[in-house]
Amino acid sequence: MATFFGEVLSVYSRAVEEDDEDLDDENEDEQIHRAIEEKREVHIAWCPEVAQSLEGKLQCSELIIAVGTNAAGFLSAYVLNTESWDAVGHASLWNERSRGSSRQSIAPLPGEPACLFYRHRDNPAVLVCQSTCYIAEDQLFQWTEKVFGCLQKRGLSVMVLSDSPVAEYKTPDYLYGSAVPFLRSLKSSASKSQALCPALEQPNILTGLPAAVLSHCQVHQIPAVLYQCYTDVISPDSITMETYKPALLCLSKLVKLEPCLSADVLRKFAIITEAQSNLYT
Amino acid sequence: MSYDRAITVFSPDGHLFQVDYAQEAVKKGSTAVGVRGKNVVVLGVEKKIVAKLQEDRTVRKICSLDDNVFMAFAGLTADARIIVNRARVECQSHRLTVEDPATVEYITRYISSIKQRYTQSNGRRPFGISSLIVGFDFDGTPHLYQTDPSGTYHAWKANAIGRSAKTVREFLEKNYKEDMESDTDTIKLAIRALLEVVQSGGKNIELAIMKRDESMKMLAQEEIEEYVTAIETEKQKKT
Numbered sequence: 001m002a003t004f005f006g007e008v009l010s011v012y013s014r015a016v017e018e019d020d021e022d023l024d025d026e027n028e029d030e031q032i033h034r035a036i037e038e039k040r041e042v043h044i045a046w047c048p049e050v051a052q053s054l055e056g057k058l059q060c061s062e063l064i065i066a067v068g069t070n071a072a073g074f075l076s077a078y079v080l081n082t083e084s085w086d087a088v089g090h091a092s093l094w095n096e097r098s099r100g101s102s103r104q105s106i107a108p109l110p111g112e113p114a115c116l117f118y119r120h121r122d123n124p125a126v127l128v129c130q131s132t133c134y135i136a137e138d139q140l141f142q143w144t145e146k147v148f149g150c151l152q153k154r155g156l157s158v159m160v161l162s163d164s165p166v167a168e169y170k171t172p173d174y175l176y177g178s179a180v181p182f183l184r185s186l187k188s189s190a191s192k193s194q195a196l197c198p199a200l201e202q203p204n205i206l207t208g209l210p211a212a213v214l215s216h217c218q219v220h221q222i223p224a225v226l227y228q229c230y231t232d233v234i235s236p237d238s239i240t241m242e243t244y245k246p247a248l249l250c251l252s253k254l255v256k257l258e259p260c261l262s263a264d265v266l267r268k269f270a271i272i273t274e275a276q277s278n279l280y281t
Numbered sequence: 001m002s003y004d005r006a007i008t009v010f011s012p013d014g015h016l017f018q019v020d021y022a023q024e025a026v027k028k029g030s031t032a033v034g035v036r037g038k039n040v041v042v043l044g045v046e047k048k049i050v051a052k053l054q055e056d057r058t059v060r061k062i063c064s065l066d067d068n069v070f071m072a073f074a075g076l077t078a079d080a081r082i083i084v085n086r087a088r089v090e091c092q093s094h095r096l097t098v099e100d101p102a103t104v105e106y107i108t109r110y111i112s113s114i115k116q117r118y119t120q121s122n123g124r125r126p127f128g129i130s131s132l133i134v135g136f137d138f139d140g141t142p143h144l145y146q147t148d149p150s151g152t153y154h155a156w157k158a159n160a161i162g163r164s165a166k167t168v169r170e171f172l173e174k175n176y177k178e179d180m181e182s183d184t185d186t187i188k189l190a191i192r193a194l195l196e197v198v199q200s201g202g203k204n205i206e207l208a209i210m211k212r213d214e215s216m217k218m219l220a221q222e223e224i225e226e227y228v229t230a231i232e233t234e235k236q237k238k239t
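Going down the list, the sequences are from chains Z and B. Those letters in the first sequence? Residues 1 to 281, by UniProt numbering. Those letters in the second sequence? Residues 1 to 239, by UniProt numbering.
Among the clues, some could well be false.
[As the list claims (entries may be wrong)] Heads up, simulated BS3-like pairs for lysine-lysine below, C-alpha to C-alpha not over 27 Å straight-line:
1) Lys28/B - Lys245/Z
2) Lys57/Z - Lys245/Z
3) Lys166/B - Lys245/Z
4) Lys27/B - Lys245/Z
5) Lys28/B - Lys170/Z
6) Lys203/B - Lys170/Z
7) Lys237/B - Lys28/B
8) Lys203/B - Lys27/B
Calculated from the structure, these hints are not laboratory results. Given the structure is predicted, the values throughout are model-derived calculations rather than measurements.
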């Protein structure tokens, strides 16, 4: 365009695609996007024996996923406490709240937030997954696709145990202290089994990994049941862990479980946080 | 809910949500029980599990406010410390001004007024504690009062606060007898109420008593164990 002073300025018109300069910017953008995608990719690492058998898909009849510290603690105390489980893999991912990608090939340290897979020695079709790390919204789909991509869909049935703060439970009635913690269930339509607690009432919703898994199961018609435990404690707590006990009824048909677990073992997972909290007396 | 953001705002249905939520903070503290007998007042608390390297005696739920008044609290430790300090100063101030020890009701009213002020102030949150205040007035009448985060206080014959308070209160309702003459019965009632909810029995209980014209006495662990044994023997005899 001509200016007042007689110069001629070249003005960019948005109506016309100008390929020359934009290409560099686009390349840079693409590079940045690719770098972010790579960084946020979800990696599932299986142990060598399992990786070999993955040429086909992994035979799995029962997948039990625990999301959250109390659900994972319950499985550790009641199920994984017996000697017959092998660690067969882990998922590593990076996001702003879970910075695990620096150790992709090495298994996470015990006690660290992580996503671990265990398989029963006598009944290798039973898989347990303990997820205590935060999985961002953009990574949930990837996680679900990659994990279920390794499993044979036929004959698969899924159980999800998940923690949630009771502050997020919406109800018209006042919740008395004695009712907490409590369980609510949600099933995929392919699931024919009887849930062991009342169904989750509207307008409550699931979010995060439990929701991603249940959605996947619903879409692919995999029978799945989810038990959501609403608790008023933010740290691992033995009473909250015990609330998952009804789920044991289903599990005991498949694997041998610790029959009458002493409260001491449960408290082992919870005791560290109890002693250190001086906030309440 | 947007009505729980600021303490000074009522919700359309008349709730002060921050005060309600402060009551929840109280439920996170361990149980404390108070019983008023004819000649003795008793406060029993569930001892908190302390870390290995922590000095046991610095974790106290029972504090004396004056020679004739003492209290137990449940809820936020730091809030309790502030209330206790202010109450202690007020007790001495009362003595100096009026030349008489403060009555239990007076100091309870003072504590409750502080708590109420914090439910009506801009930018402050309520105190997250409930307290049981016991003692004798100078005319020898025993009293037990309970305060809560809203700033209300009421006199009770026996009450419990903190975690599992409801269970303990129901036990007290069933087992409290009017005008318990015997000091032992009053103490036993407090211990029995605590044993309903305390795990692992007598070693997790702390007890303080005050008899008329005497100062507060913390019972030693052995004495508490003796009471617990006596209670268990009585229980076995009944069954």
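Structure-based check of all given hints:
For the suggested pair Lys28/B and Lys245/Z, the alpha carbons sit about 24 Å apart, so the restraint of at most 27 Å is met. Between Lys57/Z and Lys245/Z, the direct Cα distance comes to roughly 31 Å. Violation of the 27 Å bound is thereby established for this hinted pair. Our distance criterion of 27 Å between C-alpha atoms is met by Lys166/B and Lys245/Z, whose separation comes to about 25 Å. Between the alpha carbons of Lys27/B and Lys245/Z the distance comes to roughly 25 Å, so the proposed pair stays at or under 27 Å and holds.
A C-alpha spacing of about 21 Å is found between Lys28/B and Lys170/Z, which places the hinted pair at or below 27 Å, so the restraint holds. The suggested pairing of Lys203/B with Lys170/Z is violated, with an alpha-carbon distance near 40 Å, which exceeds 27 Å. The hinted pair formed by Lys237/B and Lys28/B fails the criterion: a straight-line CA distance of about 36 Å is larger than 27 Å. Straight-line distance between C-alpha atoms of Lys203/B and Lys27/B comes to about 22 Å, which keeps the hinted pair within the 27 Å bound.
Going through the hint list in order, the structure does not satisfy hints 2, 6 and 7.
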